[in-house]
Amino acid sequence: FTLLHIHRTHIYSCVPNSFPILQIHIELIKEIKSMRLLTHNYMQSTVKGTEEGYPLKIEATKIEYTESPFDAEFIQALLPKIDYKILLFALSQISEKCKEDLDQKVVPELPESMGIGNEGGDAHVDEDLLKKLHTVMFDIHVVEGDLVCPDTGRRFNIKMGIPNMVLHADEI
Amino acid sequence: RAYLNPFPPPPNMNMNMNIYTYTYSAKAIQATQVTKYPMPPPTISWPKVGPPKFRRLLPNQQNNDEEKLSIERSQTRFIFITNLIDTSKSVSKSTVPVPINDNELDPYMVQESLRNALQPYCISKESSIYPLEIFLVSNKLNSPFKYCHIGTRSPLDVQSIITTLQGKTLDLHIGDEIITTGNLFLDYVSITQRSEAKVRGMADNDEKKGGEAPKPQCTSTTDSVHVPGLVLVPDIVSIEEERTILAVLTGPNAPWAPSQQNFSKTGNVKRRVQHYGYVFDYETADVLRDRDSSNLKACCPPMPALPDDACSWDMEKLEEHISSAISKGLGWDTLAGIIERVRRFDFSINSNDHEMSYDISAGDSDTYHESSKRNCADTAITRFAYLNQMTLNEYKRGQGIGSHVDTKTAFDDGLISVSLGADIVMEFREQTSGIRKLVHLPPRSMLLMSGPARYSWEHMIVSRGTDLVNNRLIPRQTRISLTLRTGITLPYEENTVKPLDLVQSRDFPPRWGNIDEETNDSGIATPITERQHVHAVYDAIAKQWHHTRGKRGVLWPGATIFLQNLPRGSIVADVGCGDGKYFPAIWHAGSYVIGTDISLPLLETSVGACTREGDEGPELRQVSDQNLSFNARPPVAVADCMNVPLRSDSCDAAICIAVMHHLSTHPRRIRCLQELARIVKKGGTVNVQAWAFEQETNSRRKFAGTDVFVPFNSQPRYLDKVSQDEAKVLRGKKNQRIKVDQNLDKKEASSVAEMYSEAYDGAEYDEKKGLVVFQRYCHMYREGELESLVSEIDNLEILESGFET
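Chains as they are written, first to last, in our numbering: chain V, 1 to 172; chain X, 173 to 977.
Chain V extracted, bound-state conformation:
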């Protein structure tokens, strides 16, 4: 068991760096914020001087894994909306850290392409891949680290799972 300390207003938890994968009882809500890779998929930097501003590089200093219920339909519905290349890129960014922080077995390997074209057709992806996608998109959490703008190098700090994307006055 992992020991969780839940405080009414301040949120702390004690989680050792490496721990066996356990099904975490949902009633004990782990009040840790984090950034999922799915969220990263849609993000960009808007600093003055960026051309595209995405995909943001991820320099993670703390990563966690929290398994969540798998909903095939939901993933299927989301598929056309995801930029797969960015997802692969994000995974490659954090793979080193994943090897450190998480169990090897957790992080799946993703194929080069999903097998559905950009026509947005209703091609079904097989369940196995869906599960892998679920893990990558939802269950791997970057808790601490930085997002880095690919064009300007500007760093956006992630603290307690929340990236701070507020620009300074001279960057607008």
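Derived from the structure by calculation, the hints contain no laboratory data. Among the hints, erroneous ones may be present.
In silico lysine-lysine, DSS-like type, Cα no more than 30 Å apart, as pairs [unchecked claim]:
#	chain 1	residue 1	chain 2	residue 2
1	X	K854	V	K85
2	X	K853	V	K131
3	X	K853	V	K85
4	V	K81	X	K941
5	X	K941	X	K568
6	X	K853	V	K48
7	V	K81	X	K854
8	X	K854	V	K57
9	V	K159	X	K893
10	X	K580	X	K568
11	X	K941	V	K57
12	X	K853	V	K132
13	V	K48	X	K854
14	X	K940	X	K568
Following the hints, put chain X in place on chain V, whose structure we already have.
Only chain X this time, still in chain V's reference frame:
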């Protein structure tokens, strides 16, 4: 009860001089009398407020200290005389003081006559040097003097007078008449120790020492005092007008003068002030005529202006303009209209003061320049059409203004003060004689000071917490006073006074000098108003906000329906998501949300905010097991809605609820909409909702203005920056006076209020309710305003718009 000045007039004074003399007050009452007798030189100065308190030296039944009593009686120098009126004769021949006209009795004449009658009975050496003091008392102003107290210079005189005159009558020579008293009864009296202390060595006891506030004075008894040129016009402004102009004068965009500029001769002016037209400089007590922007100090907003053709409007058209401005929430236009109403006000016809024709020869100048609409000699000025300077003063409870006459060379005759927000009692004091008049100014009233009221009577507001008006205690509340004046050119020549040019503008918010905020190229940088009154406020109140609004799950209906109708698997951006209260609705709809907000404390409250379906808790905050994982780790980022960190065309939909009304400039509002358009893919939908100016459709209920402060009452227990224990201790000390030692490096607050206002800049602690009140900046959208904003953006098209409650 009223006392007259006990001192005799000095010899060889010109008895025809028209000088007033001051009087005393007994207990809490003050009355004034007017006399032709000139003021005596100060020998002993009895305090103006609080004459000596006399007590008869009678044997006390309980305390049979006969010996002590007889010693006292032999040592006192004060006498009590009664039966001055001969009751056997008719009242009209008794010692009746009446208001002064020629040929009628003057109370000072009565006093003098008593003195003359009693003086021969004094035997001591001192009595030849110092005359007797006569303390005349009357219960009503115009009733006869029944008794009085005498102050001699020596106990010997007391004994002599009492033994000789006991039971006898006196003939008083009052003017040409001889009035005989009744059979006099005399007795020994003494003054109390406190009175004694006041007499010995403490010359001027009027000034209270040590910060103790003077007790409230009663205004009803100064009814008889007439200040020539002072006119009070009640209800010059209606309640709706007051509300509208207060919203613009004390709301966001209010041009408060920077505090470091408020230096006067006596120190820093602590009240908040604003100047329009021309700055009034407290240091030099003059108006700064050169509005050259290189001198920061002389910069101020212009006066509010009406449309150009307003000079030709009749009063009906003007009033129509004012009403229309109110219904649109245009405070600046309303203010312009009200100032014009004052400029056109005819004081001679509309005033209740019938004695407008005062003797201006007693003032400084007899003739006035023709072109400035003054008439000669007898008739007073009736209109003040050249008002070109306005100073706004905020009087919080306990604040006042020192006694002064407005600089003669700065402003022409005619100072008009409009009171808003609360009652106050203003004090007027005639410069040479010291006569006082207390005037109660109700809110929405207008006070004109002209002629002697403007030039020879000083005015002030005492710093204290309550006023006593007609026996009613009125606690002080925050009052805004608008002082309208006519600034004049230099050099000052009495016969050729010329008003300064009128500097006015219709623009709002007013712009002036160098006090613009830093402009950057894009024009979307966070303005100070938003930083202080939006960002800082939400950061501070985040916990309470979440507990009261988030947890209760009150969702705006339009947004909820919008979200429920989204197809499954949509990517939704919630710009300005706050505590994430719309997230469950999005998850229920089977979609994925990414929320951004400028306030990190608010975002932090979104974590774990939802409960499991079926559990206790607001239904709208319940989520399925699957979504609990989202709830545990909500996808949020800290970001400004000016720069949403999401890829262009990446989202299926976006919502922006209760965000637009916190944006204070047009470029920022456009930019927010542009960002929403950018992040949503072509064909996607956006839902934007904001507060409306019209609060009920088809009804007249509206906000006071389009840009207002909306208060948020925060309970102290939710606020982090102030230690609750410290607050408790200070609350317990509320009734003690604690002096703050200003030399201490460490700032120690002397009250709970100070503690909170230091921790939270701009917040005020309401002592009565025990709440900390934050002011949130809000811009309320008029009907059609949001639509017109959207139409400025090319790639957005309105699908639906309207009101909802």
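These are the hints, each one checked on the structure:
no. : hint               : result
1   : X:K854 with V:K85  : holds, 21 Å
2   : X:K853 with V:K131 : holds, 27 Å
3   : X:K853 with V:K85  : holds, 19 Å
4   : V:K81 with X:K941  : violated, 52 Å
5   : X:K941 with X:K568 : holds, 18 Å
6   : X:K853 with V:K48  : holds, 22 Å
7   : V:K81 with X:K854  : holds, 13 Å
8   : X:K854 with V:K57  : holds, 27 Å
9   : V:K159 with X:K893 : holds, 22 Å
10  : X:K580 with X:K568 : holds, 28 Å
11  : X:K941 with V:K57  : violated, 51 Å
12  : X:K853 with V:K132 : holds, 27 Å
13  : V:K48 with X:K854  : holds, 24 Å
14  : X:K940 with X:K568 : holds, 15 Å
The structure fails hints 4, 11 (numbered hints given earlier, in ascending order).
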